[in-house]
Amino acid sequence: MNVTLFIPCFVDSCFPQVGMHMVRILERLGHRVTCPEAVACCGQPAFNSGYWDEARMVAGKTLHHLRDAEAVVIASGSCGAMLKVFYPQLYAGRPEEAAAQRLSEHTWEFSDFLVSKLGVTDLGARFPAKVTFHDGCHGLRELGIKSGPRKLLEKVRDLELVEMSDAETCCGFGGTFAAKFPMISTAMGEVKCASAADTGAEYMVSNDSSCLMHLQGLLSRQGKPLKTLHLAQILDSQ
Amino acid sequence: MSNAAQQFLEAAGTITRNLRHRGLIQTALRKYEVARDRKKSAFNDWSSARQSAAETKWDAINHLDTYLTEFTSKIEARGTKVHWCPTGPEARDTIRGIIRDAKAKCVVKSKAMTAEEIHLNEALEKDGFEVVESDLGEFIVQLRKEPPYHIVFPAMHLTRDEISDLFERELGSSPTREPEELTMIARRALRRKYIQADVGITGANFAIAETGMVSITENEGNARLTAALPRVMITLLGIEKILPKLEDLALFLPLLATAGAGQTVTGYNTLYGGPRQPGESDGPVEWHVVLLDNRRTELLADPEQRDALHCIRCGACLNVCPIFRNVGGHTYGTTYSGPVGSVITPHLRGLQDWKHLSNASSLCGACTEACPVKIDLHHHLLQNRRNAIGETPSWIERLAWRAHAFVINTPALYQFGQEVARIVEPLRLRLQGTPLDPVRSWTRTRDLPPVAPESFKEWWRNRR
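Protein sequences appear in the order of chains A and B. Just so we're on the same page, the numbering used here is the position in the first sequence counted from 1, plus 15. Just so we're on the same page, the numbering used here is the position in the second sequence counted from 1, plus 6.
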């Protein structure tokens with residue numbers, strides 16, 4: 016299959032290894048991966064801030080470059096929700112509506128693509144550690160991704176998966192929310208990190224780097240031993 | 007920034023650092039979740055129950071004119087006086103008039119968020135009436151002279167020790183940590199008031215159009231005493247409380263109890279059909295039903311967010327909201343707090359003054375998932391944000407988003423930005439923790455990941 020990989024701006028800049036692992040995994044599975052350089056952002060920050068015209072300035076370019084792709088795989092549940100759920104709303108009643116609808120149907124969050132589209136759960140990975148999984152809210156509630164990442168983790172050799180209480184509770188990132196209401200965002204993140212630490216896990220894993228950027232930021236600042244990891248990083252470990 | 011927004015930011019800043027508050031609320035609401043899930047499993051199919059309830063409320067709200075007329079004509083036929091009040095002040099004045107006409111001195115009241123919405127108690131107290139809250143939680147917060155913390159659990163922010171201290175100070179009781187004894191102290195104070203009161207004021211959970219009845223749900227029996235003992239009864243309710251048929255309660259009563267408090271059915275569920283009828287020996291001689299609009303019809307006119315009028319005030323969205331769990335009920339500064347409050351307050355009290363509540367959300371969607379009548383709460387927050395910008399855009403922000411779009415859409419500029427970020431990183435680290443740090447709102451509590459030496463796109467290009 017021809018897979019068009021969409022690496023969002025913050026993954027591209029700060030977490031490039033997440034994208035690299037995805038490329039390796041997809042190529043190992045025999046797919047042809049392309050990554051259009053012109054595509055950088057889904058437009059969600061402006062959209063969530065209420066600036067829909069400005070969001071369309073960014074989304075329009077992304078839509079243009081991805082509209083004919085066979086399958087778009089995206090390295091974030093949140094950006095995935097933007098393409099799958101919010102583009103059709105953003106372009107409702109506009110000439111691009113049909114293209115937005117088509118893109119929505121052909122877009123997959125990475126773990127969902129592996130499990131639901133390809134039917135793959137065992138990637139032959141080995142990761143000897145105790146981990147707990149954090150459900151990113153957009154992936155969980157906008158895209159309905161819950162069991163897929165766990166199925167993938169269960170097949171990883173020597174990995175012990177433990178559920179934290181409140182795995183489905185928001186970590187407090189929320190995009191611009193984290194900067195506009197840092198005190199609430201921080202409190203939410205501390206609650207999340209405490210739930211994860213209570214499991215005794217060494218790693219808190221998620222399929223969304225945005226949540227992990229916020230959580231790792233808190234953990235590092237507070238000198239906590241718990242580490243965060245993107246799911247793709249584990250699935251590509253040997 | 008509005009005064010309300012400023013106050014919200016200040017209050018949130020203080021309370022989110024209060025670890026005692028955090029622990030208290032998180033623990034209480036985790037227990038609620040366990041109880042709620044146990045009761046949810048008693049439904050054959052919870053999601054169908056929600057769907058059915060949403061459809062019933064959709065019908066009720068989209069035919070509100072018909073159902074309200076049916077409700078009032080039925081209830082008036084049994085001698086109830088119905089008052090239509092377009093605004094809060096009109097509802098307040100109507101109730102003041104009824105109390106004056108009854109030559110009342112003491113008023114006893116059961117729980118009614120609608121009364122909080124129109125600031126009824128303050129108005130009545132200003133007139134010289136004694137108003138006593140009979141719901142235990144409301145009684146406690148009234149003694150503390152503060153508004154309810156939560157629409158269903160008004161005093162959930164207080165510990166038994168704090169309540170005991172309050173009772174000792176205000177009622178002269180002996181200290182105790184036993185919930186039963188605390189309840190008995192309140193009961194002794196309240197029983198006297200039921201007998202003294204000339205007027206009882208209640209809220210309502212549902213108004214049944216088909217039979218012309220008001221349904222009140224409670225756990226303490228206090229609303230029954232409030233309705234039954236005084237000579238005059240007043241029921242204040244929002245016009246959205248309508249349910250078409252009596253049999254709808256078969257779903258709505260367990261749904262409300264399960265979603266709101268993790269109960270199978272609430273302790274007391276009473277239907278009121280009219281004042282004392284000829285030949286009856288008890289019940290109020292007069293019954294006044296005060297129907298409140300207070301900009302609900304404006305929300306009804308908004309096809310995108312009309313479903314917010316489905317709300318049955320169960321509090322489920324507050325209970326699961328991670329924002330509510332961290333900032334608590336008082337921080338909102340509104341009658342209705344939590345997600346539903348953030349959605350409807352801009353409609354009830356003005357978008358520009360209250361838009362900050364729609365921004366103070368991570369849009370996680372836990373509220374929408376929990377709502378028993380399927381209000382699309384977190385998407386309404388997004389719409390409120392868009393509508394607020396549509397009314398009065400900030401030109402600085404607009405320019406910033408346009409600049410962002412320009413940079414993101416121009417690969418050379420985007421790469422240049424990454425390069426600059428790499429170069430200034432050592433300087434940024436030196437500024438971290440000082441007022442000169444440009445990303446201080448992030449770095450005050452969190453480390454910021456640096457831009458990687460090689461971005462994904464650079465790696466991709468080199469690899470090919």
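In short, the hints are calculated from the structure, not lab data. Built from N, CA and C at the ideal position, the CB exists for glycine as well. You may find that some hints are simply not true.
[Said to hold, decoys possible] Chain B regions said to be covered by chain A (calculated; three or more residues, Cβ under 8 Å):
| no. | segment |
| --- | --- |
| 1 | 95-104 |
| 2 | 383-394 |
| 3 | 400-409 |
| 4 | 417-430 |
Against the structure, the hints come out as follows:
Coverage of the segment 95-104 of chain B by chain A is violated [criterion: at least 3 residues with CB-CB distance below 8 Å; count 0]. With a cut-off of 8 Å between beta carbons, the segment 383-394 of chain B has 5 residues touching chain A; three or more are needed, and the interface restraint holds. Against chain A, the segment 400-409 of chain B contributes 4 residues with a C-beta closer than 8 Å to a partner C-beta. That satisfies the three-residue criterion, and the hint holds. Counting residues of the segment 417-430 of chain B whose CB lies closer than 8 Å to any CB of chain A gives 4, so the stated coverage by that chain holds, three being the minimum.
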